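A.B. asks: Protein chains in written order, with my numbering: chain H, 55 to 409; chain E, 18 to 376; chain R, 53 to 619.
Hints in this document: simulated from the structure, not taken from any laboratory.
Here the structure is a predicted model, which is why all the values come from computation and not from measurement.
There's no promise every hint is true.
Covered stretches of chain R, going by a simulated chain H footprint (3 or more residues, C-beta under 8 Å) [to be verified]:
1) 135–147
2) 288–302
3) 458–472
4) 579–589
Just so it is clear, CB atoms sit at the ideal spot from N, CA and C, and this is done for glycine as well.
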Amino acid sequence: MRPQPTTTTLASPPFRVGRTVRHSLVMLTAAVAPLAVAGCSGGDDGQTLRVYSGRHYDIELAFTQFSEDTGVEVEFLTGNDAELRERIAAEGEETEADVYLTVDAGNLAAAAEEGLFQPLESPVLDAAIPAEYRDPEDRWFGLALRARTIVYNPETIDLADVPDTYEELAAPEWKGRLCLRNANNSYQQSLVASMIAADGEEATEHVLEGWADNAEIFANDIELLEAMAAGACDVGISNHYYLAQELEDDPEFPVELKWAEQDTRGVHINISGGGVTTYADDPDLAQQFLEWLATDGQAVLVHSNHEYPANPDVAPDDLVVEAFGTDFKRDPVNAQQFGLLNPDAVRLMDQADFG
Amino acid sequence: MTGSALAIDHVTKAFGATVAVDDVEVTLADAELLALVGPSGCGKSTLLRLVAGLLAADRGTIRIGGTTVDDGTRVVDPERRHIGLVFQEHALFPHLTVAQNVAFGLRSLGRSERDGRCSHWLDLVGLGSYGRRYPHELSGGERQRVALARALAPAPRLMLLDEPFASLDPNLRAQIRGDVVELLRATGTPAVFVTHDQVEALATGDRVAVMRAGRIEQLGDPTEVFHRPRTRFVAGFMGDASFLPIARDGGGAMTELGPLDVPDGNGERVAVARPDDVTFEPADAGTAEIVGAEFRGPVRVYTLRLASGAIVHSARSHLVRAELGTRVDAALVAGHRLVAVVDEHTATGLDFDTCSDPD
Amino acid sequence: MTAPAAVDASRDADLPPARVGSDHHRRTALGRLGWATTAVIAAALVVIPIGMLASSILTPSTDVWREQWQTRLPGEIVDTLVLVTGVGFCSIVLGTGLAWLVAAYRFPGRRVLGWALVLPLAVPGYILGFVTTSVFGFAGPVQTWWRDQFGRDAWFPDIRSMPGAVAILSLTLYPYVYLPARAALRDQAGGAYFVARTLGASPSQAARRVVLPMLRPAIAAGAAVVVMETLTDFATVQYFGIDTVSVGVFRIWRGTYDRDAAAELATLVLVLALLAIGLERVLRGRARYGAAGGQDAGIVPRRLGRWRGPAATVVATSVVLAGFGAPTLQLAVWAIREARGDRGTPLLDRYLDFLTNSLTLTITTVGICLVVAVVVTNARRFAHPRVVGTANRLTAVGYAVPGPVVAMGVILAVVALDDLLGGVGLGLPGVVATGSFVALAYAYVIRFIGPGLGTVESGLGQVPDEITSSARALGARPRTILGVVHLPLSRASVITAAVLVGVDALKELPIALLLRPIGFDTLPVWVYNLASESRFEQAALPALSIIGVALVPVAILCRRLDRRPVR
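Pulled out of the complex, with its shape left as it was, chain H reads as follows (with noise of 0.2 Å):
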């Protein structure tokens, strides 16, 4: 700096205050430098597919799969489902998500109801997927089915004593012989969206009530299933896909499925699905992505996880076909039902203090 006379100011304030500053952001911005760096790399060439994905299980291969049969990338981000429908709605226009995938009909409604997705006009999804698997308005479509039935252990209780009903797992009897998932999990959620849908809330909180005082409850349909083979109790209630990966590993595996509410509204169907985002880099790519997935992909999409596919053309793995079949009622998906009755759900479980 120049020499200055000390009898006047060395600068005027603005200066001064202006290098405080500088030298404040200085300090951080050498902190932070690294980070810009880092997100800067990545670009972004137009032939990568990116995916927010509920589903994480195996989800993998498919994606592999559409690779090799398209040659574009697919980027993958699996999480909650909730979670990711949140994090697209606050990217806005920033999100790198061009397709979002979930597991539960409730979230798929819900994303659709925020705007997250964009109407699709695709004669090949229209096709592939019945009418009461997807949207209305063709923002989402189901892709895959999964069942929420009652299970048992037949080497404590004989298939005839089982009760068809959720609702009859709620009576005395089954104290200690109940054992069910935990209130947080999305698939219980939406199996009690389902009973408010059809017996209303009054009725389903007795119910509630009822499971609460008989079962016991676990983290996960894995663990609940596994406790159960090993006499934890007799019944319980699972997605059938979780009881196929059981029997996968051990054939023998001792606890058996008992569809439903068949001589009611049918057992409890939710879907996993997915839609185009409203803020796509590439809608047409994500389009083509999801037409795939309803066609040539379903196979590889449904059949790692064990699940019922959406497309009625195309048919489960054989496990499935032959420990389950797929001649059994459904209970009607509605997801704009279980987008809305979902909230009830938890406020009901909440409620009768249920897992």
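Got chain H; can you put chains E and R on it based on the hints?
C.D. replies: This is chains E and R only, laid out in the frame that chain H set:
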């Protein structure tokens, strides 16, 4: 055996390969104050900790008031030794008030008696109104007095003080030191002081034990240790000392400054000259020369180079003024005699001990 | 560097340039402003995202609140309090007890156990949680064996219970108490302990009445960390079926799609955390414990008897085994079984990516946290201590906020910043966008700068003010003092801070779950995705990798612990 406040009998303590206390033997009479002095790392703190029961002896016996507390195998816990302990850092309990600190060792007493004893001791150390304060609210000297009151309150059979004044500033030091000695004498409590300061040792001890490399080099009353050191180390450690070679002359022995007594014994010996032993007179034909001077208040200490090249110091009244370079005749002060000590280091210069003590 | 008195110097070249008072003051004041501004900016960067989320509490969703109050919230609060109290208490007992055991007694294996007791720090709670629940769960090998031995209805304690959760969290968190307690025992309490003994207190009395109170600040600081970790945990407790408020935040958020309600519930966690901090301040009490023992004072360990010695070995060894040895072994068995099988661990081909991602994120977080922590703690020395002190307390507040809340706050803040920059034509595509590495690291820094800041602060606290003053009197500028004096003197604390932040960042799960950029999975995310589906054998390899990597900083801590050996 009985009647002695403390008997340390051939006690040895080693840490790995380092022998910190090496076959030490000391006895303390009732109401006696012993100053344990030596350079840092000589084993004096280790010896104190052995007596306190913080460490167990490898060999030897320690008795306090006639009770064996450590015989190399069976060790009495410190809480059963009835000793008082004061550290340099005073180790006051920071979470307790001054009164609670002092009352800590009085738990066996009833409440009223405990309170009484507590305030008695606080009064005695001049902190009667400080009972409710916390240690961090006190000055260094006050803390040290609380530590002393706390240690004395249970009426220990023996007090152990580890560098108790080292953390105090010099002005306060002499005063607190005097207070402490007075208190110990008033209560008739025998005590062992550990210090590395020879002035403190000479001033406080009924007897002084000079330690070096785990051994007691000399044990005696302060004048004896100061004026009749047995070794060159003791002579040098206990005060300013110059050393002169001894020339044997038939039955007697001579140094450059005059004759001296040579006690019985073997080994290399050297004569000790302290500044108060040496005087000088200016003389044009003098064989010595003044090469240095240091003003010390009451006296001025001159450094003289003798004809042989040996250096001695001479303390003179401040009234005497002599310029550097003045030629002088050096001589012994009338009535003073030089003593000969074992010269364990024939190399020149003092070799302050470098034994390592894991303390 | 300016030349404030260059004119004087040129007038009289023989004289050294003199400092002109007024100018010097002016420049000092300016320098101080710079330091203070930096600290305030750092605090703002932490507080703004949290504040954006917490501000939703100003417009409370009364319906949700009322419903929650009438239903599950009271139970969740009770469970949270029970859990936090239980884990806090057990961690204090384990941490302090074991530190005392190792410091005060000699027993077989003491030296090795002294550092081995830190190892459970390398095991994240959610990993120990799933290993334990699967091994001791109803279908697990232990209960199966038990039923084979004693019949179907033989009673067995339910591991999926509050006591189980307390035990598992305590086993992974007690080192946060053990470490400071042991350091304090090593450096402080020896003299007082021994004086107490000479005053007639037995070893246990002296420990209880003197040492324990003296350890109180160290224990309280450690316990505060334990409480924070417990309050903000959501992954571990779910394995045990415990409904804490943090779990409730997730349930409300995911299940009712009501972010605002979730955020409001999350502020309750924040309030509880702040209460815990307040409690710690109270516990620290009015007595100041600084240099209480003297430099050479450390507890001199006593040899334990023929039976008690081995008993001590057994106790300490069991803790190490339960918190580290057994889970690691079980994971290794699973990993080997998995490697032999033909199922194949999903995404194994991307193992190196995940490892690299975890390491990159951890190292970046540690780096930023340290730079900021060192700068703002030093700022307090150089400028406006009250302002900077307050700012720094705010900077550290992220540690009391659950990871998901931090993540959501960062999303909101970054989007707002993006809009702001875009509005003035300064858009930085990809840099500030959510889901970028920047946002992820930003959230990590917010969450973990607290322990780093605290550690560096206490390290700098050991450097006397006089040293700073001396350096300034010698003409050194604050920046120079920081680099040449303060940093070297507080190096130990900076390293410890790096280790603490590193271990936490490596184990962090929820922020990564929510904020990671696409394709940027970390080891904990991989573990969680597999473990949440009970695919434990497949989760074993990544879980072992986390533990393995975490062992590096933990080993550094262990070495530091042994640097001044306890005699």
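A.B. asks: Evaluate each hint against the coordinates.
C.D. replies: How the hints compare with the structure:
1. 135–147: violated (count 0)
2. 288–302: holds (count 5)
3. 458–472: Coverage by chain H holds here, the residue count being 5 at a Cβ distance below 8 Å.
4. 579–589: Satisfied; 5 residues make the cut.
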